[in-house]
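A.B. asks: Sequence:
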Amino acid sequence: MPPLSSPPLQQPLWASILILMSAIGIVGSNSLLLSPLVLAVGNDLGTDPARVMQAASAYGLGVAAAALTLAPMGDRIGAGRLLRIALLVLVLGLGTSAAAPGLWGLIAAQVFCGLAGGAALPSIYTLAAMIAPKGREARVVGLVLTGWTLSMVLGVSLSAWLADLAGWRVVYLALALLAAVLWLSSAGLGKITSNSAGQASSPLTALRVPGIRRGLLASCLLMLSFYTTYFFTGAHVTLTLELSTAQAGLLPLFYGIGFGLAVIFDPLLDRLGLPRATPPVFVLIALTYLVMLSVAGTYTLLLVFALVWGIFQHLGLNLLVARLTSLDPEQRGAIMGLYSTITYLCVFTAPFAGALLFPLWGLKGCLALSALLCLFEAVEAAISLRKGPELGPIDPVSPDAPV
Numbered sequence: 001m002p003p004l005s006s007p008p009l010q011q012p013l014w015a016s017i018l019i020l021m022s023a024i025g026i027v028g029s030n031s032l033l034l035s036p037l038v039l040a041v042g043n044d045l046g047t048d049p050a051r052v053m054q055a056a057s058a059y060g061l062g063v064a065a066a067a068l069t070l071a072p073m074g075d076r077i078g079a080g081r082l083l084r085i086a087l088l089v090l091v092l093g094l095g096t097s098a099a100a101p102g103l104w105g106l107i108a109a110q111v112f113c114g115l116a117g118g119a120a121l122p123s124i125y126t127l128a129a130m131i132a133p134k135g136r137e138a139r140v141v142g143l144v145l146t147g148w149t150l151s152m153v154l155g156v157s158l159s160a161w162l163a164d165l166a167g168w169r170v171v172y173l174a175l176a177l178l179a180a181v182l183w184l185s186s187a188g189l190g191k192i193t194s195n196s197a198g199q200a201s202s203p204l205t206a207l208r209v210p211g212i213r214r215g216l217l218a219s220c221l222l223m224l225s226f227y228t229t230y231f232f233t234g235a236h237v238t239l240t241l242e243l244s245t246a247q248a249g250l251l252p253l254f255y256g257i258g259f260g261l262a263v264i265f266d267p268l269l270d271r272l273g274l275p276r277a278t279p280p281v282f283v284l285i286a287l288t289y290l291v292m293l294s295v296a297g298t299y300t301l302l303l304v305f306a307l308v309w310g311i312f313q314h315l316g317l318n319l320l321v322a323r324l325t326s327l328d329p330e331q332r333g334a335i336m337g338l339y340s341t342i343t344y345l346c347v348f349t350a351p352f353a354g355a356l357l358f359p360l361w362g363l364k365g366c367l368a369l370s371a372l373l374c375l376f377e378a379v380e381a382a383i384s385l386r387k388g389p390e391l392g393p394i395d396p397v398s399p400d401a402p403v
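Residue 369 in the numbering used here is what sits at position 369 of the sequence shown, and the numbering runs on without skipping anything.
Hints listed in this document are in silico derivations from the structure and should not be mistaken for laboratory results. Nothing here was measured: the structure is a model prediction, and the numbers come from that model. Any given hint could be a false lead.
Computed Cβ-Cβ distance ranges for the label pairs, DEER-style [unchecked claim]: (1) D48 <-> A99: 18 to 24 Å; (2) L287 <-> D44: 20 to 26 Å; (3) A65 <-> L287: 44 to 50 Å; (4) L217 <-> R169: 40 to 46 Å; (5) L162 <-> T47: 19 to 25 Å; (6) R51 <-> A15: 18 to 24 Å.
Note that the Cβ used here is the ideal one computed from N, Cα and C, for glycine as well.
Put together the whole structure using the sequences plus the hints.
C.D. replies: This is how it looks when you write it as structure tokens:
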């Protein structure tokens with residue numbers, strides 16, 4: 001089998017990173033947007049908030065379906081081309097959301113957004129691995145992952161402010177325009193291909209890749225641990241600590257800031273390598289959950305450790321993406337599609353797990369389960385990666401490209 005190769009980047013590496021980061025930011029903003037806008041959307045469309053959130057469920061189903069069925073197209077036509085197609089569909093979905101005449105129109109528009117997001121996210125992760133210079137894979141992937149911070153800290157906060165100022169439809173229109181700008185700017189990424197382009201891949205072929213099942217188990221443990229706690233932090237602050245909704249909103253803000261700050265530690269992952277870095281990082285995530293459990297009754301300390309949580313969660317996600325993308329570079333699209341499907345299955349499952357624990361033990365029960373899941377993953381990684389590849393065994397596109 002010939003070695004994988006990609007043409008030189010048609011733009012500076014920093015510009016490609018910025019495009020990929022911004023694409024995650026827009027996809028993430030849309031996925032988080034309905035929660036703060038639910039009352040305004042419901043009032044305008046003449047329906048109750050619970051029914052408005054059906055659009056969010058439709059978005060999640062669209063993401064899961066596209067990640068499983070459309071993401072492998074990136075292995076045949078190139079991840080860059082698939083990303084550009086997804087951005088066009090996202091422009092359509094966001095624009096239609098802005099013009100939705102009623103609830104069913106919004107639901108249909110969000111299905112389009114979900115299909116776009118499910119195709120875009122695996123393509124983004126694949127491209128991040130492809131464009132990274134050798135020895136700096138974790139740094140590049142980490143910078144791209146800070147797009148989630150953009151969506152959480154800037155996208156949602158600014159969107160809520162814009163909705164108060166000009167209405168919720170303007171928010172979706174603004175996101176559609178930003179997605180269009182990204183499409184126009186991503187022509188260079190659309191030309192990135194590999195020798196695997198044109199070869200068939202699918203979820204079934206990806207499931208036969210050595211190491212994929214354990215990689216997906218690691219994905220499940222990390223994502224289920226995160227969402228089981230994250231979904232119930234707001235209820236803990238408002239119901240248990242009896243504080244305001246605004247104060248509850250600060251916790252994800254601090255988490256998002258920590259997630260973004262973690263980029264300064266990403267070069268350390270490159271130096272340590274995947275086998276040596278993964279087990280201790282997951283132990284640190286578990287310890288963070290345990291510390292949060294011990295300080296759960298003190299709001300200020302909970303905020304502080306939410307920031308620490310964001311830092312270690314970023315590092316864990318970075319290592320997870322590196323692990324999956326290194327399994328079979330020819331099937332990165334299909335593999336990352338499976339990863340996105342697992343993620344959204346965890347988004348679906350976590351509220352049920354948390355709902356069993358929260359009424360009995362509050363957030364402490366959720367934190368205890370999250371810590372246990374991360375400890376399981378630390379043990380799994382120590383066993384599975386003991387003789388595994390070093391982090392980022394990917395041939396660089398441009399070894400001397402500046403970041």
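A.B. asks: For this structure, which hints from the list above don't hold up?
C.D. replies: Of the numbered hints, 2, 3, 6 do not hold.
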